[in-house]
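Build the full structure now, drawing on both the sequences and the hints.
One letter stands for each residue in the lines below.
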Amino acid sequence: MIAGKKQAQIRQMGEEVNQNKPSIHDLARAIRAHSLRMVHLAKASHIGTCLSMADVLAVLYGRVLRVDSTQPCWPQRDRFILSKGHGAAAMYATLAERGFFPLEWLKTYCQDGSKLAGHIVHHAVPGIEVSTGSLGHGLPIASGMALAGKRDGSGYRVFVMVSDGELDEGSNWEAILFAPHHQLDNLTAIVDYNKIQSLGGVKEVLDLEPLAEKWKAFGWAVREVNGHEVKEIEDALMCVPYEVGKPSAIIAHTIKGKGVSFMENQLAWHYKSPNGEELKKALEELEADR
Amino acid sequence: MRTAFIEALCNLAKHDRKIWLLTGDLGYSVVEQFARQFPDCFLNVGVAEQNMMGIATGLAMSGKIVFTYSIANFPVMRCLEQIRNDVCYHNANVKIVTVGGGMAYGSAGYSHHAVEDLAIMRAMPNMVLVAPGDPVETRSATRAIVGRQGPCYLRLGKSGEPVVHKTTPQFAIGNAITVREGTDLTLMSTGDMLKVAVDVADLLAAEGIGARVLSMHTVKPIDAEATVRAAQETGGIATIEEHQLVGGLGSAVADVLQDSNLKVARFWRFGIANTLSGTVGSQNHLRQQAGLTPQEITRKLVLSL
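So the protein sequences, as listed, match chains A and B.
Just so we're aligned, residue 2 is where the first sequence starts under the numbering used here, counting upward by one.
Just so we're aligned, residue 848 is where the second sequence starts under the numbering used here, counting upward by one.
Think of the hints as simulated: they come from the structure by calculation, not from any bench.
Source: prediction; values computed, not measured.
Even glycine gets a Cβ: it sits at the ideal position worked out from N, Cα and C.
A hint or two may mislead.
If you only want the chain A side, here are some residues facing chain B, beta carbon under 7 Å, derived [what the hints assert, rightly or not]:
id	residue
1	Ser135
2	His138
3	Ile142
4	Ser144
5	Gly145
6	Ala149
7	Arg152
8	Glu175
9	Ala176
10	Phe179
11	Pro181
12	Gln184
13	His254
14	Ile256
Here it is as structure tokens:
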């Protein structure tokens, strides 16, 4: 167990790091707007998933994570792994907004010679811990990092976001079985439960329900939140672990395409890229929500 | 070989507490001594190779030197995407160890034969492939891969492999060990086919043919210099491996020869056909079936010389 004094020190350092607190609504809106512009410019896919997870990302990087954009590899930093690596545009937008690299980089998303691939990459991109893309990889890696933190007596925490469709992958369930066995209460998994996967609704393709009960049965402490209610997300993320000795799971009920009326709950926006007119309309909707 | 490995690893771990050992619930009577001495650096992940490789990556990215341990093809194929996307993509300091390379688990059946592993792992970027020739090389190899940052695949036999080296030769990753000098041809073996290669050299000597024997304990990066020298200085090259012929040591040597634009007088590849056998048997039986005995290899070489 980590000494109380050391833990307090780390908390204080984290608080200093988080002194620059943006408005979460503004940050989430910026993440959405950047993501829309990026996928439009790149004619890329996956805008729906970027919009569904924007609020959770905003809370994580605006309030929760003890990270420092001036020292992205600070050893005591909290680790965040985006296992659903196709949400890359939103992830890059979040890091750029928080000062990890210049906002200018976002224009290069998926362009020839760019560092910013369509599935997140850690090479030369400050703030990205792990490259992902193929699903089912983030949770096992996060478990390894959490285990190292425990055994080393380090105070950092590990957060990992998985998609709902991703939970079809068996490797996740290996890790879901593993983490409680090793009492990894420094690990938090967030499910971006937007109910739509690659070829259809989660219910139709491979039903996950009862999802919370499944995590509980495997030994996780579970909370369910509205993944677009900032206060709810913040409350859930700020008080992990929920139980000493148990990893925490947050099931964030979200809406694919959230924030742009014609994209919400539409499978097509897993693939489509907004044209100029659609982009303009989407940005106007975001602006009207100020 | 597995005993030589675990003893070497325990000795190294005494001086370097960053060394971890993960097993996928295998290694009875092997891993216990490490677990006993270093309980905080040992982990039985359970029968879950994909998770094991992800956890190994997470640990390695937190500063650990992580060995994953399993048997035959299990630590390679079940978790190949984790090896590619997690370990290699991040150049993570993970050392994948298999016990029972080739057909060491002979009568267990094809499910337990590691005969495509070299081909698969050769294709992985950043991956180093080491298959020591005997227990002496195994000790040196274990030390060498701890000292080298990045992914490595260590392919071991099982138990009872004969000691070939009477003294400990100089060992460096990527440098073939010359076990015997000769100029009529060069026998290049990987893994514990080294003993077979030495026996072939003895049989050839009786026929008046002087064979150079190289232990190619590193399949990647292959020792191109030793290969080129063998092509230039001896009358031919024969590769010997307990692995199917597609993509293994023979292919790696052929790549070097092709890329060097060298004409080797003769080139033989001895290995396992890319087919499935309908019967099982001991490792020796399966080697006989594949023509991987000193007598059969010698017969073919003498015939074509």
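Please check whether A/Pro181 passes as an interface residue: C-beta within 7 Å of a C-beta belonging to chain B. This interface hint is violated because 13 Å lies over the 7 Å limit.
Status of the A/Gln184 interface restraint (C-beta, 7 Å, chain B): Since chain B brings no Cβ nearer than about 13 Å to A/Gln184, farther than 7 Å, the hint is violated.
Less than 7 Å between beta-carbons is the criterion; does A/Ile256 satisfy it with respect to chain B? For A/Ile256, the interface hint is violated, since the closest Cβ of chain B sits about 29 Å away, which is over 7 Å.
Classify the hint on A/Ser135 as holds or violated, based on whether any CB of chain B lies nearer than 7 Å to its CB. Where the cut-off is 7 Å and the nearest Cβ of chain B is about 6 Å from A/Ser135, the hint holds.
Can A/Ile142 be said to touch chain B, with a Cβ gap under 7 Å? 4 Å, holds
Is the shortest C-beta separation between A/His138 and chain B less than 7 Å? 6 Å, holds
Close enough to count: is the Cβ of A/Gly145 nearer than 7 Å to one in chain B? 2 Å, holds
Taking the closest Cβ pair, is A/Arg152 under 7 Å from chain B? 6 Å, holds
Min Cβ distance, A/Glu175 to chain B: is it shorter than 7 Å? 4 Å, holds
At a threshold of 7 Å, is the proposed contact between A/Ala176 and chain B supported by beta-carbon distances? 5 Å, holds
Was the hint right that A/His254 lines chain B, CB cutoff 7 Å? 27 Å, violated
Restraint check, 7 Å cut-off on beta carbons, for A/Ala149 near chain B: 3 Å, holds
The structure shown violates the earlier hints numbered 11, 12, 13 and 14.
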